[in-house]
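Quick note on the UniProt record's numbering: the sequence shown kicks off at 1 and runs consecutively.
Treat the hints with caution; some may be incorrect.
[What the hints assert, rightly or not] Derived DSSO-like pairs (lysine-lysine); straight-line CA-CA distance at most 27 Å:
1) 200 - 231
2) 197 - 88
3) 88 - 7
4) 197 - 7
5) 56 - 88
6) 231 - 88
7) 197 - 231
Keep in mind that the hints were calculated from the coordinates and are not lab data. Just so it is clear, the structure is predicted and the values come from calculations on it, not from any experiment.
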Amino acid sequence: MELVRAKTLTGALSPATAEVYARDVATFVGLAGEETVLDDLTGEDVDAVLLAFARKPDGRRADPGQGGGVQSASSQARFRRSVSALFKHASLAGWVQVNPMALVTVSAKERGGLRPQRRALTREQAQGLVGAARELGDGPVEEAGRARRRDQRTELRDALIVLLLSTMGPRVSELVRADVEDFYTNDGVRYWRIFGKGGKTRDVPLPGDVARVLEAYLSWRGEVLRGVQDKALLLSWRGRRLARGDVQAVIDRVQRRVDPDRRRSVTPHGLRHTTATHLLAEAVDMDAVRRVLGHGDLATLGRYRDELPGELEVAMRAHPLLRERGVSGGGGV
C-alpha cells in the first residue's frame with residue numbers, strides 16, 4: 001500500500017483507485033484469514049476467496065427484493081483484478097514462490113452465478129427520483145416533529161446531489177471533489193468543470209432546472225455557512241466536505257419521498273448508468289454522451305448503457321426508413 005500511495009503522488013494512480021485497491025486488499029485478508037501465510041495460499045484457496053467474495057453482502061444494494069445483498073459482476077471482476085495485482089507484486093518482491101492466480105479455476109460464471117441487479121433506473125423510476133429532488137429544491141418541507149435550525153436543513157444540498165447524479169452522471173469521486181469555483185457561467189449558461197480520471201477535465205452545461213437548484217443552494221450555503229473556509233461545493237451541516245459514503249445516504253433519503261410504486265434502490269454509479277441509458281435511448285449523439293460522462297472511447301459507453309423494457313418495439317415502430325411512406329410517387333421498382 002505504501003507503493004500504491006507513492007503512485008498517487010506521481011499521478012500514476014488516482015486517489016480513488018488507491019482507495020478501492022486498499023479496500024479490496026483488506027477484504028482479501030479478511031476472507032483468507034489474517035494469520036494465513038501468503039506463500040501458503042494455493043489456487044484452490046484463492047478460488048474459495050473469490051467465491052466467498054461473490055456471496056459477500058453488498059451494503060450499497062441491501063434490498064433483497066431488488067437482487068441486492070450480493071456482489072455485482074463488475075465488483076467481482078474488480079476484486080479479482082485487485083487480488084491479481086497483489087500477487088503480481090508479491091511475486092516480484094519474492095513474497096511468494098508461485099503466483100496462485102495462475103492456478104485459479106473458478107470461472108466468471110461460477111463466481112457470479114448471481115444475476116446482478118439492473119443498474120439503470122427505468123424512466124418511471126428515474127422520473128420519480130428526479131421529481132422528489134425537484135420538490136426539495138423548490139421548497140424544503142419540514143417534517144412533522146423534527147423542527148431543525150436553518151443551518152441543519154440540508155434539503156437543497158440533497159436535491160442538488162440527486163439532480164447532478166441523475167442528469168449528468170458524474171462519478172461519485174468527481175462529485176465529492178467538486179469545489180464552488182468549478183461552477184461558472186458563460187454566455188448565460190451555467191457550466192461545471194469536472195475534474196475526472198487521469199487529470200482530464202470536461203466542461204458540461206447544467207440543465208436549466210439543475211442550475212436553478214444550484215443557485216438556490218449556493219445562496220443558502222453563502223448565507224448559513226458563511227464562516228466556513230472549506231471551498232468544497234457539498235458540505236455537511238457542520239461545514240465539512242462530504243465523503244463518498246455520505247452520497248448513498250443522501251440518495252436513500254430522497255428515495256423515501258418517491259411513491260413506492262416508482263421507487264427502487266440505486267447506487268451513485270447506478271445513476272451514472274441511468275444518465276447514459278436514457279440519453280442514448282433518446283437518440284442523443286453518442287459522442288455528446290461520451291463527453292458528458294468523461295470517457296475517452298465511444299466503445300466504453302456499452303458498459304454504461306442498459307436495456308430498457310419495450311425499447312425494441314418503440315424503435316421498430318418509429319423506423320426511419322418507413323416514416324415517409326409513398327414519398328417517391330408510388331411507382332414500383
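Here is what the structure says about each hint:
For a cut-off of 27 Å, the pair hint linking residue 200 to residue 231 stands: about 21 Å separates their Cα positions. Between residue 197 and residue 88 the alpha-carbon distance is near 24 Å, which keeps this suggested pair within the 27 Å criterion. Proposed proximity of residue 88 and residue 7 is supported: the alpha carbons are some 16 Å apart, at most 27 Å. The straight-line distance between the Cα atoms of residue 197 and residue 7 is roughly 14 Å, inside the 27 Å bound, and the hint therefore holds.
With a CA separation close to 24 Å, the supplied pair residue 56 and residue 88 stays within the 27 Å bound. Distance hint between residue 231 and residue 88 is unfulfilled; the C-alpha atoms sit about 40 Å from each other, more than 27 Å. Note on residue 197 and residue 231: the hinted pairing holds, with a Cα-Cα distance of about 21 Å set against a maximum of 27 Å.
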